[in-house]
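K.L.:
Work the whole structure out from these sequences, hints included.
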Amino acid sequence: MRRLAMIVLVVAVLAAVPFTEASNAVLNFLVVALLIALAGQGWNVLGGYGGQYSFGHAAFFGTGAYVTAVLQVRYGVNAWLAFALGIAAGALVGAVIGALTFRSGLRGSYFALVTLAFAEVLRIVASVAPITGAGVGTLIKLDLRHEALQFQSRAVFYWAILGLVALSLVIAWAIEHSRFGAWLTAVRENEDAARALGVDATRVKLGAMTLSAAITAAAGCFYAQYFLFIDAGIAYGPWISVEALLTAIIGGAGTIFGPLFGALLVRLLGEAARLVTGDAPGLDLVIYGAALVLVVAFAPRGLMGIVADIRSAFRRPAPRPTAEAAGG
Amino acid sequence: MAEPLLTVRNVSKHFGGLQAVDAATLFAEEGRITALIGPNGAGKTTLFAMISGFVRPDAGSVRYEGCDITGAPPHELARLGIARTFQIVQPFAGLTVRENIAVGAHMRHRGRNAALAAATAIAREMGLGDMLDQPAAALTVAGRKRLELARALATQPKLLLLDEVLAGLNPSEIRDVVPVIRAIQARGVSIMMIEHVMQAVMSLSEHVFVLAEGRIIAQGPPEGVSADPRVIEAYLGHGAAKLTAAGAA
Numbered sequence: 001m002r003r004l005a006m007i008v009l010v011v012a013v014l015a016a017v018p019f020t021e022a023s024n025a026v027l028n029f030l031v032v033a034l035l036i037a038l039a040g041q042g043w044n045v046l047g048g049y050g051g052q053y054s055f056g057h058a059a060f061f062g063t064g065a066y067v068t069a070v071l072q073v074r075y076g077v078n079a080w081l082a083f084a085l086g087i088a089a090g091a092l093v094g095a096v097i098g099a100l101t102f103r104s105g106l107r108g109s110y111f112a113l114v115t116l117a118f119a120e121v122l123r124i125v126a127s128v129a130p131i132t133g134a135g136v137g138t139l140i141k142l143d144l145r146h147e148a149l150q151f152q153s154r155a156v157f158y159w160a161i162l163g164l165v166a167l168s169l170v171i172a173w174a175i176e177h178s179r180f181g182a183w184l185t186a187v188r189e190n191e192d193a194a195r196a197l198g199v200d201a202t203r204v205k206l207g208a209m210t211l212s213a214a215i216t217a218a219a220g221c222f223y224a225q226y227f228l229f230i231d232a233g234i235a236y237g238p239w240i241s242v243e244a245l246l247t248a249i250i251g252g253a254g255t256i257f258g259p260l261f262g263a264l265l266v267r268l269l270g271e272a273a274r275l276v277t278g279d280a281p282g283l284d285l286v287i288y289g290a291a292l293v294l295v296v297a298f299a300p301r302g303l304m305g306i307v308a309d310i311r312s313a314f315r316r317p318a319p320r321p322t323a324e325a326a327g328g
Numbered sequence: 329m330a331e332p333l334l335t336v337r338n339v340s341k342h343f344g345g346l347q348a349v350d351a352a353t354l355f356a357e358e359g360r361i362t363a364l365i366g367p368n369g370a371g372k373t374t375l376f377a378m379i380s381g382f383v384r385p386d387a388g389s390v391r392y393e394g395c396d397i398t399g400a401p402p403h404e405l406a407r408l409g410i411a412r413t414f415q416i417v418q419p420f421a422g423l424t425v426r427e428n429i430a431v432g433a434h435m436r437h438r439g440r441n442a443a444l445a446a447a448t449a450i451a452r453e454m455g456l457g458d459m460l461d462q463p464a465a466a467l468t469v470a471g472r473k474r475l476e477l478a479r480a481l482a483t484q485p486k487l488l489l490l491d492e493v494l495a496g497l498n499p500s501e502i503r504d505v506v507p508v509i510r511a512i513q514a515r516g517v518s519i520m521m522i523e524h525v526m527q528a529v530m531s532l533s534e535h536v537f538v539l540a541e542g543r544i545i546a547q548g549p550p551e552g553v554s555a556d557p558r559v560i561e562a563y564l565g566h567g568a569a570k571l572t573a574a575g576a577a
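Chains U and G, in that order, give the protein sequences.
If you count by this note's numbering, then the first sequence holds residues 1 to 328, one letter each, in order.
If you count by this note's numbering, then the second sequence holds residues 329 to 577, one letter each, in order.
One or more hints might be untrue.
[To be verified] Below, a list of computed lysine to any residue pairs in the SDA-like style, where the Cα atoms sit at most 25 Å apart: (1) G:K486 <-> U:D200; (2) G:K486 <-> G:R337; (3) G:K486 <-> G:E393; (4) G:K570 <-> G:R543; (5) G:K486 <-> U:A201; (6) G:K570 <-> G:P557; (7) G:K486 <-> U:D192; (8) G:K486 <-> U:R179; (9) G:K486 <-> G:R436; (10) G:K486 <-> G:D504; (11) G:K570 <-> G:Q527; (12) G:K570 <-> G:R558.
These aren't lab readings, by the way, just hints derived from the structure by calculation.
P.N.:
Spelled out as structure tokens, the structure:
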């Protein structure tokens, strides 16, 4: 319950930002950071809790984005419905890729490579297929009405993405407090031991991948609605696969707040670098790489790991609770 | 006579050119401790892997509670009440002791709190009550063996397969764990154990099967089996039985 209260607190603080005369630039920064946090939370469900490191979450992000955009532009589907269908389509792609990879027993780096391959295939298909606008991309018509899921005010977009992030935090919390989550982390820690204890590892991984894909797809749907333009490189490009896993790992894989704090930090670093050095192309990637190396070397459990270490350092002087042992 | 709880009939498995298990037949009676012994490389662990669903036999059948379970996956067998421990302990290293056991308990308890409560109770029974919130990685070898037992017990098995649960323990630790195994039997759990520590096999088991080079070469009560010349030769080499007999005379 304390974690749930933390979620409410963090979300409430973030929700107050638009009331503080924050500039549009700040809001824009936060919208993008939250969007990445959402994609990262999707990755975290499968990679953080389930230990299945995907390098191809762009497959789900892009599917969400394209389904949202194409349904509106080519088929006149209502934007809200298109958004929901985008999430469903992303989940479906996750289930299909999961069924193919997990059933053939792919683990570890093989799984990572295959997911990367799926995302790249989708990127290439999207860059030539007529329905996606091929190389030109797809432009959603500007239509600032609530029915079209577009808003005059950036603050509304901000609250919308914050709402989605809040939901993803609650999902992560629920995973930590459920049988499904216990099975998923057991599979991460030791798949054979989990199977011996009655865990249907393939089904658990498949469920996690579907949920994971749905969350990351939601980030893609939001991207399409917010920027109103996507092409193959944006939707299915490796950038989003990298940012999704980077934010989760830097923030702390397998923790509720890891992706959110990771996304804020990573984006902040990127912006800071841009301010200092101007717009040197690719510099943000150098920063991300350096941050990843530092985290893996010195804080393998990410930002949340550092937080946990600090907290236990403060707690140590207190006597160890012995009621538990005495009760037995 | 009623059918035994577990019957393994003419089960074979080869890996490439190596015949790991060759038409092995054995059974485990309800409520008893059955031991499976044999020299290193005899195929004991492969036989166990086939019973517990991790390896599919090339031929033969495995029956449990009157049903054919040949080739069923491990998680289904666990649900039917067959639990196993691993020779090389496989803790969920990143989880606490309580969380480790709760994974097993979740098979019978859907709710998180119920599973954690069940895990706590079993941990105390297994002598892990002081380490509930410690990461499994912090346990000693003996502690990890206990954790394997506790996790398997948490699934509320009818048949427990123990793969060398005493290996790697020192004599005093073995003296501690033997009564734990007896207590598990006393709860009504049937046990089949692979064991190298002969002293434990002699004191614990009621029926022994001896596997050598993939074949069951002897079976019977422990005293009889240990005097069987075929068994002595399997362990000590050809001609050893004659020598030991001469030495005894």
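K.L.:
Does each hint fit the structure? Answer for all of them.
P.N.:
Checked hints:
{"no.": "1", "hint": "G:K486 <-> U:D200", "in the structure": "20 Å, holds"}
{"no.": "2", "hint": "G:K486 <-> G:R337", "in the structure": "20 Å, holds"}
{"no.": "3", "hint": "G:K486 <-> G:E393", "in the structure": "10 Å, holds"}
{"no.": "4", "hint": "G:K570 <-> G:R543", "in the structure": "22 Å, holds"}
{"no.": "5", "hint": "G:K486 <-> U:A201", "in the structure": "22 Å, holds"}
{"no.": "6", "hint": "G:K570 <-> G:P557", "in the structure": "8 Å, holds"}
{"no.": "7", "hint": "G:K486 <-> U:D192", "in the structure": "20 Å, holds"}
{"no.": "8", "hint": "G:K486 <-> U:R179", "in the structure": "23 Å, holds"}
{"no.": "9", "hint": "G:K486 <-> G:R436", "in the structure": "13 Å, holds"}
{"no.": "10", "hint": "G:K486 <-> G:D504", "in the structure": "23 Å, holds"}
{"no.": "11", "hint": "G:K570 <-> G:Q527", "in the structure": "23 Å, holds"}
{"no.": "12", "hint": "G:K570 <-> G:R558", "in the structure": "11 Å, holds"}
In this structure, none of the earlier numbered hints is contradicted; all agree with it.
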